[in-house]
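Novice: What follows is each chain in one-letter form.
Protein chains: 2
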Amino acid sequence: MEESKALGFHTILDLYECNKLMLNDAQSLERIMLEAAELAQATIIKSHFHQFSPQGVSGSVIISESHFNIHTWPEFSYAAIDLFTCNSEMSSELAVKFIVEKLESKRHNINLLQRGMDYRAFKK
Amino acid sequence: MEESKALGFHTILDLYECNKLMLNDAQSLERIMLEAAELAQATIIKSHFHQFSPQGVSGSVIISESHFNIHTWPEFSYAAIDLFTCNSEMSSELAVKFIVEKLESKRHNINLLQRGMDYRAFKK
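As they're listed, the protein sequences go chains A and B.
Position 118, counted from 1, in the first sequence is what numbering that gives the first Met the number 0 calls 117; the numbers after and before it change by one each time, with no gaps.
Position 45, counted from 1, in the second sequence is what numbering that gives the first Met the number 0 calls 44; the numbers after and before it change by one each time, with no gaps.
Don't take each hint at face value.
In this list, chains with the same sequence are indistinguishable; a pair is considered to hold if it fits within one copy or across any two.
Each computed SDA-like pair below joins lysine to any residue, with the alpha-carbon atoms no more than 25 Å apart [what the hints assert, rightly or not]:
no., residue 1, residue 2
1, 45, 105
2, 45, 118
3, 19, 63
4, 4, 30
5, 105, 43
6, 19, 85
Hints in this document: simulated from the structure, not taken from any laboratory.
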């Protein structure tokens, strides 16, 4: 019997105690997320970053069959990030380390979700 | 003492046994995800959907301070979806029900993650 495996790898990243100024700088955040995607050896299709008023940034980097997203709350020094990849060999770990360092997060939680684990259960 | 609460609400949705043809139709998927965002009373900023060859679709709907994403594997009748919102009153449940019905999923898992729960722990 073939072993069941995930189709997608979804890293959920909560970054606390970040650099507040950085969290409110859409251009810098876009550069960081694009560089993180390159570190993960991803093929970048498109990115879109949006600056909110009075503060906060939302951004998406769409990569081949995957995405990197960020939403920031500068007022709480917090960023919610998720990195979705379809390639287990993709170096999400490098991307995570890079983002944590660039946002100067002093405390963070990482949660790796394996997506689509049960796709074989009722295979037609 | 003020009760801690989440900053973001992240619904992780694994849809199995979907309609394969629907999962490979980027235009229909974009319409479904945009309508789901409207059902959740979201303010849509932008959407981007990409059709892969030979099959599969990735799509992002960027909504105010939030996102709706989908990645499909028609060959396995599977779709990985995540809906991120910053508004607890936002009707993600309606959006989830709508997407499940439109993709004709016969089996699905829903996981609600509360994001940024610990932002007050070291508030400066």
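Novice: Are the hints correct? Go through all of them and say.
Specialist: Hint by hint, here is what the structure shows:
| no. | hint | in the structure |
| --- | --- | --- |
| 1 | 45 to 105 | neither (30 Å within a copy, 32 Å between copies) |
| 2 | 45 to 118 | neither (28 Å within a copy, 30 Å between copies) |
| 3 | 19 to 63 | between (31 Å within a copy, 20 Å between copies) |
| 4 | 4 to 30 | neither (33 Å within a copy, 30 Å between copies) |
| 5 | 105 to 43 | neither (29 Å within a copy, 33 Å between copies) |
| 6 | 19 to 85 | between (32 Å within a copy, 19 Å between copies) |
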